[in-house]
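Just so you know, the sequences run in chain order A and B.
Quick note: the first sequence uses my numbering, first residue 776, plus one each step.
Quick note: the second sequence uses my numbering, first residue 612, plus one each step.
Calculated from the structure, these hints are not laboratory results.
Ranges of calculated distance between the beta carbons of each label pair, as one might list FRET restraints:
1) A:Thr-850 - B:Leu-641: 38 to 44 Å
2) B:Phe-644 - A:Gly-973: 47 to 53 Å
3) B:Gly-622 - A:Ala-790: 26 to 32 Å
Where a beta carbon is used, it is the ideal one built from N, C-alpha and C, also for glycine.
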Amino acid sequence: MAVGRAQRRLNGALAIVVRTFGELLITVGIVILLFVVYTLYVTDLINEQKQGDANDTLERSWADPVAVQPAPPVTPELGTGFTRLYIPHFGTDYNFVVVEGVGQSQLAVGPGHYPGTALPGQPGNVGIAGHRIGTGAPFNDLDKLNSCDAVILETETDFFVYRVMPMAGQVAGWDRIRQQDPRCARVPSLRGPGEPGGGPYGRTVGRRIVTPDRVDAVAPVPYRPDDPLPKAEQVALVTLTTCNPEYGNSHRLIVHGVLVRQVPKQQAPDYQALLSRIGMTL
Amino acid sequence: MYGWIWRHLPGPFAVRVLAALILIAGVVALLMFAVFPWLEPKLPFNDVSV
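Pulled out of the complex, with its shape left as it was, chain A reads as follows:
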């Protein structure tokens, strides 16, 4: 009998150990699921709040009568929103306030403008980074942009319409593609005939996947850190960057667009007016 009781007590202790271990495993599983919910949804809610605040501040600064005269472009302060980004291909309601800076606290507000790169409409390269996962995920579908899709930047005075450049496989036959698709009519391939390697913009195509050390992706002439052109001869480009693969950080996804049109707000007071003016419908 004594042996039996000891045996039962041992079984009881074992049961407690096994049960506690099981409970811990279940707890860890629930915590991981909660973390997924946080990353994919809660960060979006936090971002929505911050975007809303940045949008209000931007609207107020644009409505300020002191600033009615188009001020000379000044470098925006770190963390302040200064332009609005629209990508019609991602839906007519797609718009984000772009803030200055690509640090984590700035990217938590919205897409971030690389400090020192061109401002909207200027010659050179407007570099903008954005999250692909969580935090509003402005660049979630960046890989789905095709050549000639519009990337629009709104400033206080103008809309600047950029279009995605020809993809690597389209460069050779671009003149033919350009004639077939009216959206591409104003999109140059930026390759001069007979220039070695396609000229200064020979490496600039619609979409590229590069290693994270390619800071020259946002150089005035992309992938040319040697800066081969004087400012006046630089083409006005926009460059969007995000992580690649979608949940990884081994590479960066880069999309290049070229400025095809500038529409002053006197001609198109809002986004809807702009879209009808450039032949896109809401």
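Position chain B relative to chain A; hints supplied.
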């Protein structure tokens, strides 16, 4: 573990349920407002700039 916590909650059944819910809410809030915001920036897909 959970059984042990349940046995150590005071009061009648209804009070215990309420205390348990408050405990769960506290743990979730700690995760959502302290632990996850600290952990999330360390994830690889936050590296979006060159």
